[in-house]
Amino acid sequence: MSPPDPRRDGRLRAISALAGRLLAFRALREALLSRTPPPPPPEGSEDPSEREVPANRRAETGVAVLLVLAALCGFGFTAAYAADWHDTQVLGATLGVCLALIAVALVLAGKLVVPQETHVEERGLLLKEDEVEEVADILEEGGEGISRRALLTGAAGLAGAGLLTAAATPLASLGPNLDGIHSTAWRRGVRLVDDKGSPYRAQDIEAGTFYTALPEHADPDAFGSGLIVVRLDAKYLHLPAARRGWAPDGILAYSKICPHAGCAISLYRYPTYQATSVGPAFTCPCHYSTFLPGEGGRVVFGPAGRALPQLPLMVDGEGWLRAAGEFREDIGPSWWSVHRGQS
Amino acid sequence: MSATRPRRSRSGSYADRRFRLTLRRAEERAGASGGIKWFLRYVFPDHWSFLLGEIALYSFITLVATGIYLTVYYVPSDTQVIYHGPYVLLQGEQMSEAYSSVLHISFDVPAGLLIRQTHHWAANVFIAAIVLHVMRVFFTGAFRKPRDLNWMIGLTMLMLAVLEGFAGYSLVDDLLSGMGLAIAYAVVLSIPFIGAQLGYLIWGGPFPGSGEFFARLEIVHVLLIPAALAILITLHLAMIMRQHHSQFPGKGRRERNVVGTPTWPAYALRSLGLLFAVGAVLILAGGLIQINPIWQWGPYHTYLSENGAQPDWYIGWLIGALRLMPNWEGPVIGGHTLFPNPFWGGAFFPLIVFGFMYAWPAIERRITGDYRRHDLLDRPRDRPTRTAFGAAFMSWVVIIFAVGATDRIFFQLYISYEQQIHFWRVGVWVLPVIVFFLVRSICRSLQRSGGHPLRAWEGEVLVRSPDGGFESVADSPEGRGSALAEPPSGTAPGQESNL
Numbered sequence: 025m026s027p028p029d030p031r032r033d034g035r036l037r038a039i040s041a042l043a044g045r046l047l048a049f050r051a052l053r054e055a056l057l058s059r060t061p062p063p064p065p066p067e068g069s070e071d072p073s074e075r076e077v078p079a080n081r082r083a084e085t086g087v088a089v090l091l092v093l094a095a096l097c098g099f100g101f102t103a104a105y106a107a108d109w110h111d112t113q114v115l116g117a118t119l120g121v122c123l124a125l126i127a128v129a130l131v132l133a134g135k136l137v138v139p140q141e142t143h144v145e146e147r148g149l150l151l152k153e154d155e156v157e158e159v160a161d162i163l164e165e166g167g168e169g170i171s172r173r174a175l176l177t178g179a180a181g182l183a184g185a186g187l188l189t190a191a192a193t194p195l196a197s198l199g200p201n202l203d204g205i206h207s208t209a210w211r212r213g214v215r216l217v218d219d220k221g222s223p224y225r226a227q228d229i230e231a232g233t234f235y236t237a238l239p240e241h242a243d244p245d246a247f248g249s250g251l252i253v254v255r256l257d258a259k260y261l262h263l264p265a266a267r268r269g270w271a272p273d274g275i276l277a278y279s280k281i282c283p284h285a286g287c288a289i290s291l292y293r294y295p296t297y298q299a300t301s302v303g304p305a306f307t308c309p310c311h312y313s314t315f316l317p318g319e320g321g322r323v324v325f326g327p328a329g330r331a332l333p334q335l336p337l338m339v340d341g342e343g344w345l346r347a348a349g350e351f352r353e354d355i356g357p358s359w360w361s362v363h364r365g366q367s
Numbered sequence: 029m030s031a032t033r034p035r036r037s038r039s040g041s042y043a044d045r046r047f048r049l050t051l052r053r054a055e056e057r058a059g060a061s062g063g064i065k066w067f068l069r070y071v072f073p074d075h076w077s078f079l080l081g082e083i084a085l086y087s088f089i090t091l092v093a094t095g096i097y098l099t100v101y102y103v104p105s106d107t108q109v110i111y112h113g114p115y116v117l118l119q120g121e122q123m124s125e126a127y128s129s130v131l132h133i134s135f136d137v138p139a140g141l142l143i144r145q146t147h148h149w150a151a152n153v154f155i156a157a158i159v160l161h162v163m164r165v166f167f168t169g170a171f172r173k174p175r176d177l178n179w180m181i182g183l184t185m186l187m188l189a190v191l192e193g194f195a196g197y198s199l200v201d202d203l204l205s206g207m208g209l210a211i212a213y214a215v216v217l218s219i220p221f222i223g224a225q226l227g228y229l230i231w232g233g234p235f236p237g238s239g240e241f242f243a244r245l246e247i248v249h250v251l252l253i254p255a256a257l258a259i260l261i262t263l264h265l266a267m268i269m270r271q272h273h274s275q276f277p278g279k280g281r282r283e284r285n286v287v288g289t290p291t292w293p294a295y296a297l298r299s300l301g302l303l304f305a306v307g308a309v310l311i312l313a314g315g316l317i318q319i320n321p322i323w324q325w326g327p328y329h330t331y332l333s334e335n336g337a338q339p340d341w342y343i344g345w346l347i348g349a350l351r352l353m354p355n356w357e358g359p360v361i362g363g364h365t366l367f368p369n370p371f372w373g374g375a376f377f378p379l380i381v382f383g384f385m386y387a388w389p390a391i392e393r394r395i396t397g398d399y400r401r402h403d404l405l406d407r408p409r410d411r412p413t414r415t416a417f418g419a420a421f422m423s424w425v426v427i428i429f430a431v432g433a434t435d436r437i438f439f440q441l442y443i444s445y446e447q448q449i450h451f452w453r454v455g456v457w458v459l460p461v462i463v464f465f466l467v468r469s470i471c472r473s474l475q476r477s478g479g480h481p482l483r484a485w486e487g488e489v490l491v492r493s494p495d496g497g498f499e500s501v502a503d504s505p506e507g508r509g510s511a512l513a514e515p516p517s518g519t520a521p522g523q524e525s526n527l
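Protein sequences appear in the order of chains V and A.
Residue numbers for the first sequence follow my numbering, so the first one is 25 and each next one is one higher.
Residue numbers for the second sequence follow my numbering, so the first one is 29 and each next one is one higher.
Derived by calculation from the structure, the hints in this document are not laboratory data.
Hints may be right or wrong, so weigh each one.
Below 25 angstroms or equal to it, Euclidean Cα-Cα: the simulated SDA-like pairs (lysine to any residue) are [to be verified]: (1) V:Lys-220 to A:Gln-324; (2) V:Lys-152 to V:Val-131; (3) A:Lys-65 to A:Glu-283; (4) A:Lys-279 to V:His-143; (5) V:Lys-135 to A:Gln-324.
Partial chain V-side listing against chain A, Cβ under 10 angstroms, derived [said to hold, decoys possible]: (6) Val-131; (7) Leu-187; (8) Ala-242; (9) Pro-357.
Some but not every residue of chain A turned toward chain V, in silico, with C-beta under 7 angstroms [to be verified]: (10) Glu-121; (11) Val-287; (12) Ile-311; (13) Thr-330.
Glycine residues also receive a C-beta, built at the ideal position from the N, C-alpha and C atoms.
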């Protein structure tokens, strides 16, 4: 073994650490001031080979003790398991400590028990010019006597293309075509129900909070099913002229699926202190796209590239909330042929 | 002392004779002694940073071992069932069989939670070790010829590992899984022209997909990607052994040799020790530190989401990019939206990051004109421009990664979310430039000082003379001049061309 590096001497460590910090500061300062030429490269001509046989009985005993303890921990795991003591912490601790003891034993054995050796191995260049040439020759000789090389190459390429096409064809049956990507379960007259299936009345909808609504008698997990429903004061209602009739009693319904990346919108900002607060807004918790329900779902912040699609509502004679029509644009994230709204 | 040892006598004990006979029988059949001898004498240069790749390898082994166990219990099905298990808060909830089976693993299967959490911790450590390993390889120039091919294999493994991890926590089908899958669906959909078809192909229909989706995801997670990783790991290691390890310059170390510890016995023991240490840390973490408490999230439904949901860390950079992106979408030409917004953060950004890393060896060769083979590593300071460029690039990715946590910062520190985003939309371009110049000048300064920022001796030994004057007798503990006389290891900065 080489003599210990004096700079690593325990007594100097504290000073070194402090000096290190000073040096880092000095490095910063000097970087801005001067530039001196760097020193020359090292010589790699010395032979560092060495082999040392430790013959360390104490270390051997220590390793043995660690291994025995590891065995005990291993048996401890089995005992806990067999005794129906399925506590995750107990099982993890016994098995983990067993492995940790083996790890320490192995590293100690590797450093103190077995011979320590520094060995020098010469490294080949890999590149053997002659062999490259020979391989090329052998490969080329395999084509000796062939006259219609282009024809054969072309035919083989064609066969490959045919085979690839055939192999890729079954992929087509993995996914249906895009029929239905534009459609949702919402039609004129479909009632709004909650996640337990009970329908909403207009009077259930209070201002200052939001409700999740689903189409009655339809798949609640279809992407287009979820709605976010709120009631707004007239002072916040600034819907586009074409949507004046979409919000009976100030009740508005929007697709709950963010048109950015498809998460469900679940944050509703509602002003509690009117003087300074900004108006009501929906926010998607994934990437914080923020939409104004009072202005037709307009995007005011965040990455969403489209407004939140709005569903026209109506209230029937018995006070049930119903859809007054379909979505006029696609819900969910944008894609090549997405139907974009006007806003 | 020379490396050759005296041949031991053949007339050993009975056990020794049996041992040799066994080896001989194996040799008669496999003829592998030459290869074994070569491997036992294979030299590993000693440096702590060389262990990062080994940590990744050993995490992978842990992942396979725990993963097999989990596969036995996991049910890849979206069939809806009502939960009747021991976790009271979810009793009576409707959920998929997939989610219910993971709850079963967590609460009913003995040691199931330990194995599941160990698996999850191992995934996090696996990818972290790969990322650190990639950084080590980049900043020491180990990616240069002849290792450029292996650099690309490594990057491919990193990509696969991220995908594998995402697939893994998506299989659970809890609320966090579903939200992640929804975003993944949006990113796939955003790919120009073919996005929707591709998304339908993967999910088997519009999101949340057909009943076959979880079976598909499972086969990707438990077979396709692990098999690809295993093949690439084999190639990676075979190529390393063929070329031998690179090494830092030092005593007796040249481009044409390798100096270090042979496999047998010391290195094998130490490396096995590391294997067990990695296993120990992962199992202790799995047993004692909760990770991904899936029961808290509840089952996924498209109309539900959780506020403050965060993905596993290795997805953070993509979430950050999606958040940071201004709401550009389009252009819309003839009713077609060319680039939906998630394309930029979710697809284009990782494409740029990985594309750049794949191309870097070639870019550096082109810039420096250095097409030679390199087996000696650089100290990062000796290549100030490369180091600065790498640091700037990294800071760019790390800022975007950190932006993925802006909502957490808002909740914890009350710094407005919107202001943070507005700040970083500019900062993400300015800060890397500052990092570049800062790191480059630090490197140059360290080169001149010849010292190590954390280890260097920086003192003087003074002797006071009888007349009261001081004289410096040594500027290092080893005596005068020795600190400066020790040549800095590394490629000569004077020889560098542009990097």
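Hints and how they fare:
1. V:Lys-220 to A:Gln-324: holds (21 angstroms)
2. V:Lys-152 to V:Val-131: Answer violated: Lys-152 of chain V to Val-131 of chain V is near 40 angstroms, above 25 angstroms.
3. A:Lys-65 to A:Glu-283: Holds, at roughly 24 angstroms.
4. A:Lys-279 to V:His-143: Judged against 25 angstroms, a Cα distance of about 12 angstroms means the pair holds.
5. V:Lys-135 to A:Gln-324: It is violated: about 46 angstroms lies between the C-alpha atoms, which goes past 25 angstroms.
6. Val-131: holds (4 angstroms)
7. Leu-187: Violated, about 21 angstroms.
8. Ala-242: violated (12 angstroms)
9. Pro-357: Holds. Min distance 4 angstroms.
10. Glu-121: violated (11 angstroms)
11. Val-287: holds (5 angstroms)
12. Ile-311: With a closest approach of 4 angstroms, the Ile-311 of chain A hint holds.
13. Thr-330: Since the shortest Cβ distance to chain V is 5 angstroms, the answer is holds.
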